[in-house]
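Residue numbers (my numbering), protein chains in the order written: chain A, 47 to 215; chain B, 33 to 440; chain C, 83 to 350.
Please keep in mind that the hints were generated in silico from the structure rather than gathered at the bench. All C-beta atoms in this analysis are idealised placements derived from N, C-alpha and C, irrespective of residue type, glycine included. Treat the hints with care, since some could be wrong.
Straight-line C-alpha distance at most 20 angstroms; calculated SDA-like pairs for lysine to any residue [what the hints assert, rightly or not]:
1) C:K324 / A:L64
2) B:K132 / B:Q391
3) C:K95 / B:N101
4) C:K195 / B:P282
5) C:K335 / A:Y191
6) A:K204 / C:E327
7) B:K143 / B:E288
8) A:K204 / A:V71
9) C:K200 / C:Y227
10) B:K255 / B:G418
11) C:K131 / C:E161
12) B:K83 / C:H237
13) B:K231 / B:R220
14) C:K336 / A:E132
15) A:K204 / A:R100
16) B:K244 / B:N101
17) C:K110 / B:P369
18) C:K159 / C:Y145
19) C:K241 / B:H85
20) A:K202 / C:K336
Derived contacts from chain C toward chain A, CB cut-off under 7 angstroms, selection only [unchecked claim]:
21) A266
22) Y269
23) K273
24) I274
Computed footprint of chain B on chain C; a stretch qualifies when at least three of its residues, placed anywhere within it, have a C-beta under 8 angstroms from a C-beta of chain B [claimed, not checked]:
25) 134-144
26) 193-204
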Amino acid sequence: MAQHKIDFTKDGGLPVALTTIDNVVNWGRSNSLWALTYGLACCGIEMMASGASRYDFDRFGTIFRASPRQSELMIVAGTLTKKHAEFIKRLYDQMAEPRWVISMGSCANTGGMFNTYATVQGVDRVIPVDLYLPGCAPRPETLQYGVMMLQQRIRKEKANRSLKPKRLM
Amino acid sequence: MQQPNRLRPFFENITFDRDDNELVLNFGPQHPSAHGQLRLMLHLQQEQIVKSHPDIGYLHRGMEKMAENMIYNEFLPTTDRMDYIAASSNNYGFALAVEKLINVEVPRRAKVIRMLLLETNRLMSHLFWLATTALDIGAMTVFLYAFREREYLMDLVEDYCGARLTHSAVRIGGVPLDLPDNFLTDLRKFLDKLPENIKDYEDLLDQNRIWKMRMENVGTISKEMALDWGCSGPMLRASGVNWDIRKEEPYELYDEVDFDVPFSDKGDNYARYKLYMEEMRQSARILYQVIDMYAGTSPELMAHAPKFISPSKIEMMTQNYSLQQHFVLVTQGMRPPVGEVYVPTESPKGELGFYINSQGGPYPYKLKMRAPSFWHTGILTDLLPGHYIPDVVSIIGTTNIVFGEIDR
Amino acid sequence: MRAYTPKDDVQKKSYYTDRYYVAPQVPKFDVETDDVFAADLKAIKAKFKVSEAYIQVEQMVVYINPKNIHAVMTLLKDELEYNQLSECSAIDFIAARGGFEVFYQMLSMNKRKRLRIKFFIKQDEAIQSVSDVYRSADWAEREMYDMYGVIVKGHPFMKRILMPDDWEGHPLLKTYPLHGDEFAQWYEVDKIYGKEARSVIGPEIRDAARVDRYDTERFARLGHEVDFGAKFDENQAETPIKYQEDEGVFMIKKLDSSESVTITDRDR
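Work the whole structure out from these sequences, hints included.
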């Protein structure tokens with residue numbers, strides 16, 4: 047059996063860290079933001095690119111999950127159309143609390159250049175949004191920056207924040 | 033307080049449990065391997081599909097309506113968002129249609145740059161196709177490798193036009209910019225590596241048992257079916273019809289370059305996969321020739337047609353009349369002659385056609401985009417029955433559909 | 083008094099047109115100038131009435147009687163080797179002529195020719211489906227119905243394709259506004275939350291140029307972030323972009339940029 051000898055006076059001291067529950071919970075939450083793949087249009091391609099080889103989203107602990115029940119972050123990447131609106135609401139409702147929403151790209155923010163009959167003028171008309179990323183399409187760097195901002199925000203929150211759901215209605 | 037949720041299933045009139053043992057499965061519209069917002073209503077007998085109803089329109093953004101309310105130049109960036117994996121090919125299709133309408137000949141250097149853009153876009157699109165399809169089938173490695181190569185191409189295009197995804201790199205009457213200094217050397221460097229990379233993918237996939245089982249003899253499209261459903265591009269060529277618009281109705285400089293059009297008469301997923309790989313090689317071959325064409329072209333980038341196309345920056349800054357002309361063209365837009373035109377181009381997905389009906393005003397009276405993916409989705413109605421559920425994913429993968437252009 | 087705006091065509095109009103401007107025509111050529119097209123036209127003319135035919139931008143345009151469409155298509159496919167129907171749609175001429183112009187874009191691979199069959203129908207006239215001749219007409223006709231409300235007889239599945247099933251109106255009609263009618267503008271709110279939620283959620287903001295810089299709920303400013311709904315201060319200094327909190331993050335090592343390597347040669 048392998049023996050590991052650790053010199054506690056040197057390598058960073060005792061393998062014990064003292065902290066608060068809030069910190070631990072928020073550390074866990076902010077560093078394993080599993081995102082629901084919600085690639086709707088062009089931004090979805092940039093979202094894929096940020097998950098792929100060069101940008102490598104796994105570094106952030108962000109893994110794309112194809113199921114709303116196992117993810118806490120919804121990255122709405124692309125144009126939300128009126129036909130699709132009810133599905134985004136349904137999937138959002140299926141996600142477990144705590145949950146966050148990033149609206150990626152102009153279309154998701156405000157309808158963007160598609161100022162037409164068929165486009166929802168911003169996903170915040172349907173689901174509450176935490177973070178808006180500008181751009182058409184935002185670069186993967188923007189998305190990663192956005193996720194880092196969200197992580198900072200999560201770390202600031204109380205772990206057992208009151209169960210007041212963020213609802214439009 | 034939260035209101036009771038009013039969402040009701042869209043498919044209220046569908047009975048999911050039926051007496052005849054038929055199961056109705058809803059696939060999509062937000063499914064990771066549906067390549068966008070495809071929704072399929074599949075009727076199943078156990079694992080086998082007996083009936084399929086593709087439901088599209090979840091990304092319908094009203095582009096054709098927008099086109100009717102925009103001047104021609106204003107609409108060009110919107111075409112980026114159609115086939116967003118190869119945006120320049122859409123820009124080009126639209127620009128070519130308008131050029132045919134106003135009867136303008138593009139300078140040679142602009143043609144060369146357009147060719148470079150079109151073929152890099154084809155490579156980008158095919159690499160993306162390979163990545164996503166391999167990911168759907170489970171080959172994560174290929175996904176990462178293919179995305180790596182795609183990023184190099186994106187860098188190149190970004191060097192040229194400043195955007196990664198939505199290029200707007202082609203203008204009506206030419207191209208806006210000359211190539212940056214290092215573009216051709218970088219491209220050549222990339223192309224020199226590309227055959228190795230393609231070989232890597234093929235080593236990983238060609239003889240891979242899982243890949244072959246998922247691909248071979250799955251999703252076989254007969255020649256008649258492909259023609260009947262209006263398939264084009266690789267979908268048609270994999271079914272034994274040797275039809276490539278670049279070859280048959282050459283536009284731009286395709287009649288000057290030497291390339292082969294691969295085709296197969298197998299018609300199944302595997303044939304389509306091999307076709308995409310071969311097309312990448314041919315694209316590289318075209319690019320090598322086009323790189324050599326660049327040297328020795330005169331530096332004009334935009335066609336000279338003062339009635340329709342803004343004059344060059346130098347003219348605009350030195351000549352009063354040119355400035356006025358430019359002002360009118362920007363504020364009111366060009367007024368093409370009365371008439372209609374349908375111009376097909378070979379986009380990476382297939383035949384991308386723009387039908388423009390002009391009534392002499394600055395806004396198109398009707399603009400219809402003939403997007404290849406629209407018909408490639410339609411064929412799923414007839415193609416899926418008889419297959420099993422796992423085949424659905426691989427068939428959707430090889431049809432290479434992209435929803436920006438299906439729903440427009 | 084409000085200026086009169088025509089309701090039958092709400093497409094954007096040029097705000098200024100020279101009185102003396104006469105729009106030129108895209109040249110039309112006689113069909114006889116092309117042998118292949120001339121032979122095709124002869125074959126069509128032998129059986130059906132052709133009201134007009136010409137060549138425009140290398141493609142022949144043939145105007146036929148709408149009643150003959152199915153037979154003409156069968157002829158084109160079976161005898162004239164037009165093996166693909168590339169596209170089919172309608173053009174709204176209701177304001178000017180009280181109907182639609184329907185076109186069918188055909189392709190013959192053997193002859194390398196493209197042909198456009200066109201005809202005019204009145205607004206409430208139905209057309210015959212050709213989906214049993216060319217399967218691709220199946221979806222094209224559905225789209226035509228969806229966008230223009232042109233009824234197609236004999237179609238196997240005449241339903242909306244792009245818009246939701248419960249949509250009202252046909253979007254590509256010239257009478258339909260770009261931003262949608264009232265039904266369209268409230269569609270998702272009505273559907274998800276109900277009509278009484280309209281006052282809570284509010285109308286859509288359709289002005290593309292509208293920027294409320296004091297609205298911290300809708301607008302993000304890179305480098306000037308404030309908390310959601312917090313007051314926006316005019317004189318707020320630029321917040322430097324920080325990827326981590328100052329005091330560090332629990333159990334996470336800060337990146338030492340001096341240790342990281344920047345790859346300059348992208349040749350791997």
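For this session: Apply the coverage criterion to the segment 193-204 of chain C and chain B: a residue qualifies when its Cβ sits closer than 8 angstroms to a Cβ of the chain, and three qualifying residues are needed.
Result: Coverage by chain B holds for the segment 193-204 of chain C (3 residues, Cβ < 8 angstroms).
For this session: Given the hint that K132 of chain B pairs with Q391 of chain B, test it: the Cα-Cα distance must not exceed 20 angstroms.
Result: 15 angstroms, holds
Exercise. Given the hinted pair K336 of chain C and E132 of chain A, is their alpha-carbon gap at most 20 angstroms?
Worked result: 42 angstroms, violated
For this session: Please work out if K335 of chain C and Y191 of chain A have their alpha carbons no farther apart than 20 angstroms.
Result: Given pair K335 of chain C, Y191 of chain A holds - Cα atoms ~18 angstroms apart, limit 20 angstroms.
Problem set entry | K195 of chain C paired with P282 of chain B [C-alpha distance capped at 20 angstroms] | 13 angstroms, holds
Exercise. Are the Cα atoms of K231 of chain B and R220 of chain B separated by 20 angstroms or less?
Worked result: Within the cut-off at roughly 18 angstroms; holds.
For this session: Starting from K159 of chain C, check that the Cα of Y145 of chain C is at most 20 angstroms away, please.
Result: Satisfied, since the Cα-Cα distance of roughly 17 angstroms is no more than 20 angstroms.
Exercise. Is the Cα-Cα distance between K95 of chain C and N101 of chain B 20 angstroms or less?
Worked result: Holds - the C-alpha atoms of N101 of chain B and K95 of chain C are around 8 angstroms apart, at most 20 angstroms.
Exercise. At a threshold of 7 angstroms, is the proposed contact between K273 of chain C and chain A supported by beta-carbon distances?
Worked result: 6 angstroms, holds
Exercise. Under the criterion that the straight-line Cα-Cα distance not exceed 20 angstroms, is the pair K255 of chain B, G418 of chain B satisfied?
Worked result: Distance ~18 angstroms between K255 of chain B and G418 of chain B Cα, so the pair holds.
Exercise. Do the alpha carbons of K202 of chain A and K336 of chain C lie within 20 angstroms of each other, as the hint requires?
Worked result: Given that 20 angstroms is the threshold and the Cα spacing comes to 18 angstroms, the pair holds.
Exercise. Do the alpha carbons of K143 of chain B and E288 of chain B lie within 20 angstroms of each other, as the hint requires?
Worked result: Between K143 of chain B and E288 of chain B the Cα gap is close to 12 angstroms, so the pair holds against 20 angstroms.
Checked against the numbered hints above, the structure breaks hints 1, 14, 15 and 16 and satisfies the rest.
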